[in-house]
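Asker: Full structure from sequences and hints, please.
Position one of the sequence shown corresponds to residue 1 (our numbering), numbered consecutively onward.
Keep in mind that a hint or two might mislead.
[What the hints assert, rightly or not] Here are the computed distance ranges between Cβ atoms for each label pair:
1. Leu257 with Pro105: 48 to 54 Å
2. Gln106 with Lys215: 23 to 29 Å
3. His164 with Thr120: 33 to 39 Å
Honestly, the hints are just simulated from the structure, not real lab data. Note that the structure is a prediction, hence the values are computed from the model and not measured. Every residue gets a Cβ at the ideal spot worked out from N, C-alpha and C, and that includes glycine.
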Amino acid sequence: MLKKKQYTSWTELLTDAYHLGMANMDPQHLEKAKGWLMADLNSSFLRGSDDPCVRPSGGINCAAMTQLLSQGHGQSEGEDLPRMLFATGHFHHNLAYAAFMSALPQEAFFLKVEEEVDLTMDWWPKMAGFRQQGHIDLQLRCLDPEWLAPNVPPFIIADIKTKHSLGMKRTKDIVEPSNDIWGNLDQLAVYSDLKGTLEAGALLIYLNREVPKAKGSRIKVQYVFPEHLQEAGDNVRRRVGLASKKGEAKLDPELWLRKQSGERTFMPCQGYCPVQAECESLRA
Numbered sequence: 001m002l003k004k005k006q007y008t009s010w011t012e013l014l015t016d017a018y019h020l021g022m023a024n025m026d027p028q029h030l031e032k033a034k035g036w037l038m039a040d041l042n043s044s045f046l047r048g049s050d051d052p053c054v055r056p057s058g059g060i061n062c063a064a065m066t067q068l069l070s071q072g073h074g075q076s077e078g079e080d081l082p083r084m085l086f087a088t089g090h091f092h093h094n095l096a097y098a099a100f101m102s103a104l105p106q107e108a109f110f111l112k113v114e115e116e117v118d119l120t121m122d123w124w125p126k127m128a129g130f131r132q133q134g135h136i137d138l139q140l141r142c143l144d145p146e147w148l149a150p151n152v153p154p155f156i157i158a159d160i161k162t163k164h165s166l167g168m169k170r171t172k173d174i175v176e177p178s179n180d181i182w183g184n185l186d187q188l189a190v191y192s193d194l195k196g197t198l199e200a201g202a203l204l205i206y207l208n209r210e211v212p213k214a215k216g217s218r219i220k221v222q223y224v225f226p227e228h229l230q231e232a233g234d235n236v237r238r239r240v241g242l243a244s245k246k247g248e249a250k251l252d253p254e255l256w257l258r259k260q261s262g263e264r265t266f267m268p269c270q271g272y273c274p275v276q277a278e279c280e281s282l283r284a
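Answerer: Put into structure tokens, the structure is as follows:
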């Protein structure tokens, strides 16, 4: 177990817990992870093709993407890459959960893993084209105030993302909507609003799926400031608001427009957008 001390941030605490837990895995928690892994393998490879729709985990990082997905565009048949990405991502997710639970004492921390939730916020459209359920990767509650500095929120939501080594090096020290083109903050903002934790901020936990030897490049836990989380939430409300008009609103390909303005950042519409073809035809 992690030795008790007052941590100045969740970032420092979870980084220490991850490395300690991975090196000293509790057999009971590892057994749980094995069960989760098997379920996730089945989910990744044996599930049928989902109809296109807007969900917290995808399609809310560009207004045009939200608009087109909600109208049923973006159907893909027989693609294996997303299934492989889901499977490998969940592999690292589940081992991280087991590591955190192995290192954090139960009397001081309560962890809720992969909670299925209903999207009951009044601003989330209750109509076809919008998924009404989602899942929160990780919720962390500190039960013993002596573990965290007074300014650290005792309850916080976290989302885990896997990256390759180059992607780990390119992560920003401060994640905000202007540099979050993949919608990581958008997803966290939706769930933080649902749970009423926008003012606490949130956590993005990046895991290196290439598993390098150097400790410092295996995990990066980043705190998302409340103001950036709120801004991301405002962006999501704007996008789903446009999409809920079902074709009445003008298409807003905001990421493509940023690229046309001269921004050098790689954009999802350069090959990673599920509605790329439809968007191209409509904006031409």
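Asker: Would you list, in rising numerical order, the hints stated earlier that this structure does not obey?
Answerer: none
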